[in-house]
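Asker: Protein chains in written order, with this note's numbering: chain U, 1 to 321; chain X, 1001 to 1321; chain C, 2001 to 2318; chain V, 3001 to 3318.
To be clear, the hints were calculated from the coordinates, so they are not data collected in a lab.
For clarity, every value in this text was computed on a predicted model and none was experimentally measured.
Examples of chain V residues toward chain X, derived with CB under 10 Å:
{"id": "1", "residue": "PRO3290"}
{"id": "2", "residue": "ILE3291"}
{"id": "3", "residue": "ARG3299"}
Cut-off 25 Å, straight-line C-alpha distance, at most; resulting in silico cross-link-like pairs (DSS-like, lysine-lysine):
{"id": "4", "chain 1": "X", "residue 1": "LYS1005", "chain 2": "X", "residue 2": "LYS1264"}
{"id": "5", "chain 1": "C", "residue 1": "LYS2278", "chain 2": "V", "residue 2": "LYS3278"}
{"id": "6", "chain 1": "V", "residue 1": "LYS3216", "chain 2": "V", "residue 2": "LYS3306"}
{"id": "7", "chain 1": "V", "residue 1": "LYS3317", "chain 2": "C", "residue 2": "LYS2278"}
{"id": "8", "chain 1": "C", "residue 1": "LYS2216", "chain 2": "C", "residue 2": "LYS2278"}
{"id": "9", "chain 1": "X", "residue 1": "LYS1283", "chain 2": "X", "residue 2": "LYS1005"}
{"id": "10", "chain 1": "U", "residue 1": "LYS89", "chain 2": "U", "residue 2": "LYS32"}
{"id": "11", "chain 1": "C", "residue 1": "LYS2317", "chain 2": "V", "residue 2": "LYS3278"}
{"id": "12", "chain 1": "X", "residue 1": "LYS1273", "chain 2": "X", "residue 2": "LYS1262"}
C-beta atoms are modelled at their ideal positions from N, C-alpha and C, and glycine is treated no differently.
The lines below spell out each chain.
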Amino acid sequence: MSTRKELLVEMYVRMITIRRFEERVAEDFQRKLIPGVVHSYIGQEAVAVGVCANLRREDRIVSNHRGHGHCIAKGADLDRMMAEIHGRKTGYCKGKGGSMHIADFSIGMLGANGIVAAGLPIAAGAAMAAQLEGGDRVAVVFFGDGACAEGEFHESLNLASIWRLPLVFVCENNHYGVNMPVREAMAVQHVAERAVAYGMPGRVVDGNDVEGVYDTSAQAVARARAGEGPSLLEFKTYRWRGHFEANTILDLRPRDEIEAWKEKCPIAALERKLVREEILSPKQLAAIDAQALARVEDSVRYALASPLPEPEDALEDVFCV
Amino acid sequence: MSTRKELLVEMYVRMITIRRFEERVAEDFQRKLIPGVVHSYIGQEAVAVGVCANLRREDRIVSNHRGHGHCIAKGADLDRMMAEIHGRKTGYCKGKGGSMHIADFSIGMLGANGIVAAGLPIAAGAAMAAQLEGGDRVAVVFFGDGACAEGEFHESLNLASIWRLPLVFVCENNHYGVNMPVREAMAVQHVAERAVAYGMPGRVVDGNDVEGVYDTSAQAVARARAGEGPSLLEFKTYRWRGHFEANTILDLRPRDEIEAWKEKCPIAALERKLVREEILSPKQLAAIDAQALARVEDSVRYALASPLPEPEDALEDVFCV
Amino acid sequence: MRSITFHQATLEALQEEFRRDHKTVHLSTDVPAPLRQEFGAARIRATPISESSFVGAATGLAGSGFRPVVNIRMATFGFVAMDQMVNQAAKITYMFGGQARFPIVYRMSVGAGNSMAAQHSINPYPMFMNVPGLKIILPSTPYDAKGLLKTAVRDDNPVMSFEHSALVDLAGEVPEEEYLIPFGEAALRRRGSDVTVVALARMAHFAMDVAEELEKEGVSMEVIDPRTLVPLDTQAIRDSVARTGRLLVVDEACRTCGAAAEIVSRVVEDEAAFARLKARPVRVCGLDVPIPFSPPMERYAVPDRKRIAAAVRDLLKR
Amino acid sequence: MRSITFHQATLEALQEEFRRDHKTVHLSTDVPAPLRQEFGAARIRATPISESSFVGAATGLAGSGFRPVVNIRMATFGFVAMDQMVNQAAKITYMFGGQARFPIVYRMSVGAGNSMAAQHSINPYPMFMNVPGLKIILPSTPYDAKGLLKTAVRDDNPVMSFEHSALVDLAGEVPEEEYLIPFGEAALRRRGSDVTVVALARMAHFAMDVAEELEKEGVSMEVIDPRTLVPLDTQAIRDSVARTGRLLVVDEACRTCGAAAEIVSRVVEDEAAFARLKARPVRVCGLDVPIPFSPPMERYAVPDRKRIAAAVRDLLKR
Ligand SMILES: Cc1ncc(C[n+]2csc(CCOP(=O)(O)OP(=O)(O)O)c2C)c(N)n1
Ligand SMILES: Cc1ncc(C[n+]2csc(CCOP(=O)(O)OP(=O)(O)O)c2C)c(N)n1
Ligand SMILES: [Mg+2]
Ligand SMILES: [Mg+2]
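Isolated chain U, as found in the complex (with noise of 0.2 Å):
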């Protein structure tokens, strides 16, 4: 196959596999095998896969609460997610973390974060390391709509601007936060023309087009790397589920919003895509999708057959020595 075939595969054996993890860790979380609570990535697949595929190892990326798709296509192991997830002694975080919490240093994926917009100035911070390593390495940081109201999404803009951080900012939007529509918390249409404010190039793009991600992406990576500063892209999309996996908040978005939102699905237009070029035939799709619920099967046994923190842990790692 061709590189741009093998791109299209690769993205979508990693979108399937985020929307199997995200699909059996709300059935988990309902069945309260799952403490805390989980926000879900699924319909928004296609913007983590896009923009990651564009990234390398030792690249790295800044996520929000809503950041288990972040890890999986940033390439993150499943078991230990899983693991964390379920607040296990072998998640990546040793149970501290959670859902809300997954790092993994190791492949440049530098935090989860539980704080809206928090993530945008650790970001800046990681660009600015790559900066002066000197290398053409970049940073990304993927945030929500509602983020964009934050102060802190202002001035990481405004510092990236003036430094040219090798840092792409991905706003996905799914319009809404929590259940605040994006066009009650702006007066501006879409997030993207706030680049201007901060001189850099701004773009808006489906979100649920993959390949549109990926190409839009790999010219705001291919900017940063040639040490040309940041940008900003706004990939509008949709989450198909309440806001986290619990009912102590309603979800008020309107029913046929969602249903045709459900009709944009990401992987299926892809899926689309690869039998209508012929790059993948129905029953190889199901493959793929049968061995990504497989791995995600294996990373929940993997996490129930791992034990538990001892209470005591809570001591360690307060601070590191």
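Dock chains X, C and V with the ligands against the given chain U, drawing on the hints supplied.
Answerer: Same frame as chain U, now just chains X, C and V with the ligands:
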């Protein structure tokens, strides 16, 4: 005299009063009569005066660390200002606030502020109050170019725009935040370019031309009164003195730049105009100046004749009862 | 008497106060539907996720004659608006020489117990106790929550209401008739003669359970719930210790520089209480660690009934 | 030995550490010229006035293998970046299960005495002591400032250095040779047998003056300067109190939930120290008020030598 002429004279009176007040404050600070620090407004008089000439007593303003000019322009009492700056019991804040925290709620001056950009959200609240009151009151907030890098700048402009608050954002771009040139603090040329990120009008104006300041802010104030929402005005100006009256921070700005801006003195420009258009004779100007000086001298006498607070007064006003 | 939940009690408090005073306004990222319905979108505002802006706006509103109630939701979200609370609202009355009133209520939910991990399980009220100019309430029952919150809305100063997330669904008796609870009056939850246990928020319930349990062993525990931390009813605590001779303070917040340290200090620095102490005062607090996610560790990081009982038994050995 | 100022000592500390480790970087709104000259504009960055962004960037730098030093200047400016310190940097090592190191130094100047009024005169270190995951140093001499700051730069965790503005120009002996001061070791400033005075930052100097004065009255004061608050050398303080039987804690920070409350609590909850106490422990702290501007009130709001001496005399009456 026609209204326009009266306006120019009135603005001249205010500007020269600010100038003489600030000169005296600087002098008394150097003579160690004034405790703490004071941030001089000299050079920027046209901004406060041009803007506030559009305001009514019941309109509200919020100021920053460089607040004396805003106070005087809004109609504050020189005696109580000077007494406060000298830490006297008769001062606006009973000596508790000093130069950086002068307020006079009775004339809608909601306070200077020692924290850069902290006044912007407070002003948004004052504007929201005006909106809830249902009349046509407006709020104005003054801040420097340096404040535009803070998150609160962004958050407040966003909040004001989505709620169409009757608020005028007045950026006094004096080209530096302490020694940081604004061109290094942002990647765009004008602060006002950022207005597009909030769907509000932005204007860049010569801040040393009081008429221009007046006319531009008249439009913004009218817009706010009409319920059409906020505006971002940027007035280019310059401070003549160091960041504050204390030698703990060096002034690293180029000497010739400072001198060049002194040539563009907003008061001298207005004086030339008043004489040229035969609104006032040089003699009348001198009389007004002398009167302003006398008012300032009176205020110093008032301050110095006023008692210092008792030590135990420190215990009062933590809470109001 | 009828029984309602903590959540309902706080909602009722706001409804009553918002009916009473049309200058009240409400700001939060998620709008409480009953308030929006009754008082309209102008007074009950849905804000973007920009806490500094709407916490700061509350100060401007208050300084302009309104009485804002800001629901920050989880206390952790308040850190991005910290300056507007501790450096502006807390100091502004004082800095301006008392010339204006700043009636603001900040509501924040706190507490561990739901596996929300380090950022979402904090109890930061001790940090705010160190900031003069903020009143602080910490109710543990629906009754107190309603009465204190109503008082908070009427207070002319910034008041922070910390509400433990594990108590939200707790039901308790609340009269139909209106009432207010003054600040600075501790609730004596249980009389006892052997030991004074000062227990905050959720810990007050744990302490009551332990008191019942230990009664069987012949231990007579006095349980005091301060209810408000600023002002703190120091006298009630000192008097109690002067009677029992023993002090245990139980707080879920982190130990170092916590509320418990303050309470211990206020007791021991009092001549009378100090003279009567039969044993060293003891603190049972949250460990000095961020709250871990996984339940076994999370449970270990905060006080439980067992730890409280053990501390009481140990105290009585002396 | 040569004598240099506190300011020079901290500058030297950074110069030495920045020479030693090229992964060190410096972020601040105003650039220290000697550092910029020696280490260049890439490592010594002038930031815009946007504290959240550069305090947060320090975390990203640290997580990427660098060792940032952030000079926030006045501690009060740190409140706009509070989340990045207490909710990110402090918790991140823990939340991520210790998989990465976050060596960050935050420098903040604190303290009243210059008529800078409420917002610019604060001592917020007690607030940060309540946050697990932050180490805290509070030097009072040029010698300590240099030795502790060097240790801070080499520490693999977030360290906050609080530096009292009134001490900046204080001169003191500092050796030419390199040295480090470990965290958690209090300095015994003066041996004495009648009373233990634990005094923080500027107050350590006041306490020494008072000790000299009271010596004439036959009073033997022991003066302990903890130097680091997290970790705190609890043992040294307890041991001293066990010897003297009397404790006075002097701190300029606000009293409620302050460092003094923590120190008092750590002493009284210790069996041995409690048993030896001859008198109630006493705190002399900053009043629970925002710092007022005008000098007579400002002086009244913070402890002075007279108040310390009076407290010692009073303690010895018992
Ligand atoms: C500072 C802060 N405020 C509020 C919250 C609560 N909160 C968590 S996620 C969220 C919505 C975020 O919306 P968006 O950025 O669009 O991300 P999405 O959930 O849509 O992916 C909110 C309000 C928080 N975590 N942090
Ligand atoms: C949050 C915060 N950071 C830093 C400071 C210190 N500071 C006081 S004024 C100032 C410069 C402000 O520049 P600008 O906004 O342009 O106002 P100007 O002084 O030029 O009038 C700085 C950095 C502060 N007061 N608050
Ligand atoms: Mg969203
Ligand atoms: Mg400026």
